[in-house]
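Asks: So you can see what is in the structure, the chains are spelled out below.
Number of protein chains: 2
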Amino acid sequence: MLLLAGSRSWAQTNAPADDSKPASSNVPGQQYPRIDSELRATFRIKAPEAQKVQVSVGATYNLTKGEDGFWTVTTKPLVVGFHYYWIVIDGVTVNDPASETFFGVSKVSSGIEVPSPGEDFYAVKAVPHGEVRARWYFSKTANATRHCFVYTPPDYDRKPRLRYPVLYLQHGMGEDVRGWSTQGRANIILDNLIAAGKAKPIIIVMEDGGIAAGMGGRGSRGGGAAPGGAPAAGFPQILINDTIPMIDATYRTISDREHRALAGLSMGGTQTYQITQANLDQFAWIGTFSAPFGFPDLKTGYNGLLADPKAFAKQVKLLFVSMGTEEAGRMGGSKTFHEALEKAGVKHVYYESPGTAHEWQTWRRSLHEMAPLLFQN
Amino acid sequence: MLLLAGSRSWAQTNAPADDSKPASSNVPGQQYPRIDSELRATFRIKAPEAQKVQVSVGATYNLTKGEDGFWTVTTKPLVVGFHYYWIVIDGVTVNDPASETFFGVSKVSSGIEVPSPGEDFYAVKAVPHGEVRARWYFSKTANATRHCFVYTPPDYDRKPRLRYPVLYLQHGMGEDVRGWSTQGRANIILDNLIAAGKAKPIIIVMEDGGIAAGMGGRGSRGGGAAPGGAPAAGFPQILINDTIPMIDATYRTISDREHRALAGLSMGGTQTYQITQANLDQFAWIGTFSAPFGFPDLKTGYNGLLADPKAFAKQVKLLFVSMGTEEAGRMGGSKTFHEALEKAGVKHVYYESPGTAHEWQTWRRSLHEMAPLLFQN
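Chains as they are written, first to last, in the numbering used here: chain R, 3 to 379; chain P, 3 to 379.
Since the hints were derived computationally from the structure, they do not count as laboratory data.
Pairs count within a copy or across copies, as identical chains cannot be separated in the list.
List time: in silico DSS-like cross-link candidates among lysine-lysine, alpha-carbon distance up to 27 Å: (1) Lys301 - Lys316; (2) Lys48 - Lys67; (3) Lys78 - Lys54; (4) Lys142 - Lys161; (5) Lys349 - Lys337; (6) Lys345 - Lys312; (7) Lys23 - Lys127; (8) Lys54 - Lys67; (9) Lys345 - Lys301; (10) Lys23 - Lys142; (11) Lys142 - Lys127; (12) Lys316 - Lys202; (13) Lys127 - Lys202; (14) Lys200 - Lys316.
The shape of chain R in the complex, shown without the other chains:
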């Protein structure tokens, strides 16, 4: 019975339920992959000459060849949210031509958006929309022209006398400057929160974390790269010396630490701990989503400030820590850090995304939970 169940979940061949619909992450007009009401995905690809076709979407499934040369499989129910996936044709991992692509795991990848019943905080709605602006600027530190994305809230151009607080929001390892506005939908999440009066209008700056050589995106070309997969030495300096001054000179920001936040996911969370500890004069609001390591020491962290919870709470307006309930091991380190903070009486906000792992649904929800808390006092 157990064996049968195991076999069934790794090589599903059931047809999708009749209520299946094309994934919203497909190229327009593509009918596959499609997702049914049980959140099972059916993949389909034409490969009459291939010997073996698989899909890697968390688990790996073997597709079955039909007489028409199409290979298909229906998966077990998928977790809600966005998942990277790949097709493996005779051992070669490639993208599904039916999918849009997303920069993740250091390359352009297919992605599937699994709807989350009753959860629409990241859906495009008929509300006023902000802009996501591609901004090029020269970085002296990197000695290169860099490229970041800047979210400006819906009324930015209509209220030319207003100034706004700024959230610097970083992606994870193997992702790049595009992550938060495509996979993450940061702009849509803020549009909806602002329209509902639940978050203050803010500017969000999405820069490139200056990832290891071969692991960065377009934004990191020519600058900020470091070998070995570690957060680049250059990025904190670029952010502090070049990005923040450029943003403050270009956009109508409120340019003090009380109106500046830094947050990031995974590697970006680790960078957030690193950068805010070294530059607490620059940021009063801190968020880390699924940081895998780099947690501040409770005795020495933040130059010893963490050891004085009262002084820390005065200096740090928000320390937001989150992860998904399905994250474990190193990826689950945030829970341990939260428990230590709790025990030491350090004021912070902890959030766990139910049922999700080290993936974008955890980080969308984390942003959705954190944004209403930002710049509120």
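Given the coordinates of chain R, work out where chain P should sit on it, guided by the hints.
Replies: Same frame as chain R, now just chain P:
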């Protein structure tokens, strides 16, 4: 000798010259494809279990398998500029994992940027940069939220009292709202022209041409689609009724026809003829790059205005027509139209891009030639 040459160009196995470099269109860090000084590209992909691997980059090349499981090929010299390409693994056409992706031919595709010696008008330089803004808005005509890109020139935010003329710039069939700012580099071309004092600062609006079902991009989801591959009936109405009023209400435009241009490439050129003939009260500047059909009749076109060259020249400040010298057949129709205009004494500007076909290098050069002429009188 001929056979040998033919064979050589279709199944090159020569190593690249020592001076080869990774293509700038690669995912950062990827060493292949690489291009040598003779503009020959070398492709390389690991596929130890595959029976046959090809690359389709204009011509189709067979790759040769090495003992290490890597398949490679070096092509004949490629034409300068941007080309879509695909890897064919055991008969399945997929993207090269080493390449960034670009929305073209109705799907996400690999692309290779072949450098053009001595031609750098579309290179990112140390000049002031404008922004490319992703703008969401509700279209009553489409009954959907749409998504377009808006280029604002470098000084837009610094000179809040200035107003700007607007160029509406359309992509081709199978491409979408992303084409002009990624493959086309429209923003970089304008940044460089404006910095050199060769073009006026302008706003560029890049909307989705509302292509056939399954041929559109994200921008067209939910609206403007028509079957059969023809320009959608809906797009002209969306542009006139919704997009232009939204742009004039949202950005600091000069909102009369003397300060509004419409241009497009391929299908976008055909749409430009269609829309400007029906709405000459809205546009005084017209550009078509590689339009394949839909050329106005010299007797009846523009409501008969074309038959009166003097009146036409008074109404239409610019009629810019272009194509590549390597375009033939229907794709070469612009030359025939130009010759007819010439013969009829209709004032226009004709440009031929030397050595290029129905591809982005033709359209980058066309924009670079046309932009300095816009809004100059």
